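Listed below are the residues making up each chain.
There are 2 protein chains.
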Amino acid sequence: MSNRVHLITLGVKDMTVSRAYYEAMGWVISPISMDEMTFYQAGDQVLGLYLQDALNHDTNLDAPKPGGITLGMNMQSREEVDATYAQALKAGASELKKPLEMPWGGYTGYVADPDGHPWEFSHVAQLVPNGDGALILPEKL
Amino acid sequence: MSNRVHLITLGVKDMTVSRAYYEAMGWVISPISMDEMTFYQAGDQVLGLYLQDALNHDTNLDAPKPGGITLGMNMQSREEVDATYAQALKAGASELKKPLEMPWGGYTGYVADPDGHPWEFSHVAQLVPNGDGALILPEKL
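As they're listed, the protein sequences go chains D and Y.
Everything in the first sequence is counted per my numbering, starting at 1 for the first residue and increasing by one.
Everything in the second sequence is counted per my numbering, starting at 1 for the first residue and increasing by one.
Chain D with its partners taken away, still in its complex shape:
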């Protein structure tokens, strides 16, 4: 079985603020969520929100500065990228880079969630999710 990431955990400062943001982005909270940890089913994987102080304690790391990891959602069209970008700003995200055509042909924009975690919304003709929502790499570009 190939390697995979089962759980993505985002450190958050204020769980109420972050839950409201992700709810406004269409994520459906799992009933097993608790005060300091929120769970979302995300296809075959889980997205979690966890209080940053607790995360620092668990990882033995100091306060982070976002930008080393980005999370991308690939869209069916440029219009969907624009709509999702607008939805994110309305939901409370900060603008990082407005969607634009990249030199390699993709159309992509970045927002920061309430804790500064960068999310990428993209349309890339060769990397469109299939009917099951899976992103399967082609053999060649």
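Some hints could be false.
Unchecked claim - In silico PhoX-like pairs for lysine-lysine, Cα to Cα no more than 25 Å straight-line:
1. D/97 x D/13
2. D/65 x Y/98
3. D/65 x Y/97
4. Y/65 x D/13
5. D/13 x D/65
6. Y/90 x Y/13
7. D/97 x Y/13
8. D/97 x Y/65
9. D/98 x Y/65
10. Y/97 x D/13
11. Y/65 x Y/98
12. Y/13 x D/65
What the hints assert, rightly or not - What follows is a set of in silico ranges between Cβ atoms, one per label pair, in the way DEER data are often shown:
13. Y/141 x D/16: 18 to 24 Å
14. D/83 x Y/78: 42 to 48 Å
15. Y/139 x D/138: 34 to 40 Å
16. Y/76 x D/62: 30 to 36 Å
17. D/78 x Y/63: 29 to 35 Å
18. Y/100 x D/78: 44 to 50 Å
19. Y/87 x D/134: 26 to 32 Å
20. D/140 x Y/103: 46 to 52 Å
21. Y/87 x D/80: 37 to 43 Å
22. Y/100 x D/31: 25 to 31 Å
23. D/17 x Y/20: 36 to 42 Å
24. Y/78 x D/87: 40 to 46 Å
No lab work stands behind these hints: they were computed from the structure.
Remember, it's a predicted structure, so these values are computed and weren't measured experimentally.
Here a beta-carbon is modelled for each residue, glycine too, at the ideal position from N, C-alpha and C.
Knowing the structure of chain D, use the given hints to seat chain Y on it.
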């Protein structure tokens, strides 16, 4: 269709070093990889390595400090956690926290990859991936 993360991008300083690390951890490089971007199929999603300078340019962010996002791999047993933890250190990861029993019952450890990105290796009885490798949240804990 539920929301999901299609692409996780990790910023890296030295692509050769990072590729060697992920190869030693069992990730299989996609033939569409290029000099500044490496792709791995990870179940229904894609894990990418991208030069951090280019990532900063794309996101409009300054140099990051890891720890705001952790990526977790859930294991079938504590023995598998210990073995994967040892494998990571041998492959060039740094120790963040040795696997230990958490107050909530899980058994979990953290390493930092060559660029400092924290990876969590866990065994949690209620959160074991199924036969397809998917992590599906239970209705209740």
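Here's how the hints hold up against the structure:
Of the supplied pair hints, the one linking residue 97 of chain D and residue 13 of chain D holds, its CA atoms being roughly 23 Å apart against a limit of 25 Å. Straight-line distance between C-alpha atoms of residue 65 of chain D and residue 98 of chain Y comes to about 24 Å, which keeps the hinted pair within the 25 Å bound. For the given pair, residue 65 of chain D sits about 20 Å from residue 97 of chain Y by alpha-carbon distance, which is consistent with the 25 Å threshold. Among the hinted pairs, residue 65 of chain Y with residue 13 of chain D is consistent with the structure: their alpha-carbon atoms are about 16 Å apart, no more than 25 Å.
Proximity of residue 13 of chain D to residue 65 of chain D is assessed by CA-CA distance (about 13 Å); at most 25 Å being required, the pair is judged to hold. Proposed proximity of residue 90 of chain Y and residue 13 of chain Y is supported: the alpha carbons are some 20 Å apart, at most 25 Å. A threshold of 25 Å between alpha carbons decides the hint, and for residue 97 of chain D with residue 13 of chain Y the separation of about 22 Å falls inside it, so the pair holds. For the proposed pair residue 97 of chain D and residue 65 of chain Y, the alpha carbon gap of about 20 Å is at most 25 Å, so the pair holds.
Between residue 98 of chain D and residue 65 of chain Y the CA atoms are separated by roughly 24 Å; this keeps the pair inside 25 Å, and the hint holds. Proximity of residue 97 of chain Y to residue 13 of chain D is assessed by CA-CA distance (about 22 Å); at most 25 Å being required, the pair is judged to hold. At roughly 21 Å between alpha-carbon atoms, residue 65 of chain Y and residue 98 of chain Y fall within 25 Å of each other, so this suggested pair holds. With a C-alpha separation of about 16 Å, the suggested pair residue 13 of chain Y and residue 65 of chain D falls inside the 25 Å cut-off, and the hint holds.
Checked against the hint of 18 to 24 Å, the C-beta distance between residue 141 of chain Y and residue 16 of chain D comes to roughly 21 Å, which is consistent with it. The hinted window of 42 to 48 Å between residue 83 of chain D and residue 78 of chain Y holds, with their beta carbons roughly 45 Å apart. Range check, residue 139 of chain Y to residue 138 of chain D: about 37 Å between beta-carbon atoms, so the 34 to 40 Å window is met. For the hinted restraint 30 to 36 Å between residue 76 of chain Y and residue 62 of chain D, the CB-CB distance of approximately 32 Å keeps it satisfied.
For the pair residue 78 of chain D and residue 63 of chain Y, the supplied restraint of 29 to 35 Å holds, since their beta-carbon distance comes to about 30 Å. A hinted range of 44 to 50 Å holds for the C-beta pair residue 100 of chain Y and residue 78 of chain D, which are about 48 Å apart. Hint check: residue 87 of chain Y to residue 134 of chain D, Cβ distance near 27 Å, so the stated range 26 to 32 Å holds. The hint said 46 to 52 Å for the Cβ distance between residue 140 of chain D and residue 103 of chain Y, and at roughly 49 Å that hint holds.
Separation of residue 87 of chain Y from residue 80 of chain D is about 40 Å and conforms to the stated range, judged on CB atoms against 37 to 43 Å. Take residue 100 of chain Y and residue 31 of chain D: their Cβ atoms lie about 28 Å apart, and the range 25 to 31 Å holds. In this structure the hint that residue 17 of chain D and residue 20 of chain Y lie 36 to 42 Å apart at CB holds, the actual value being about 40 Å. For residue 78 of chain Y and residue 87 of chain D, the hinted distance range of 40 to 46 Å is satisfied, since their beta carbons lie about 42 Å from each other.
Every hint, counting from the list given before, is met by this structure.
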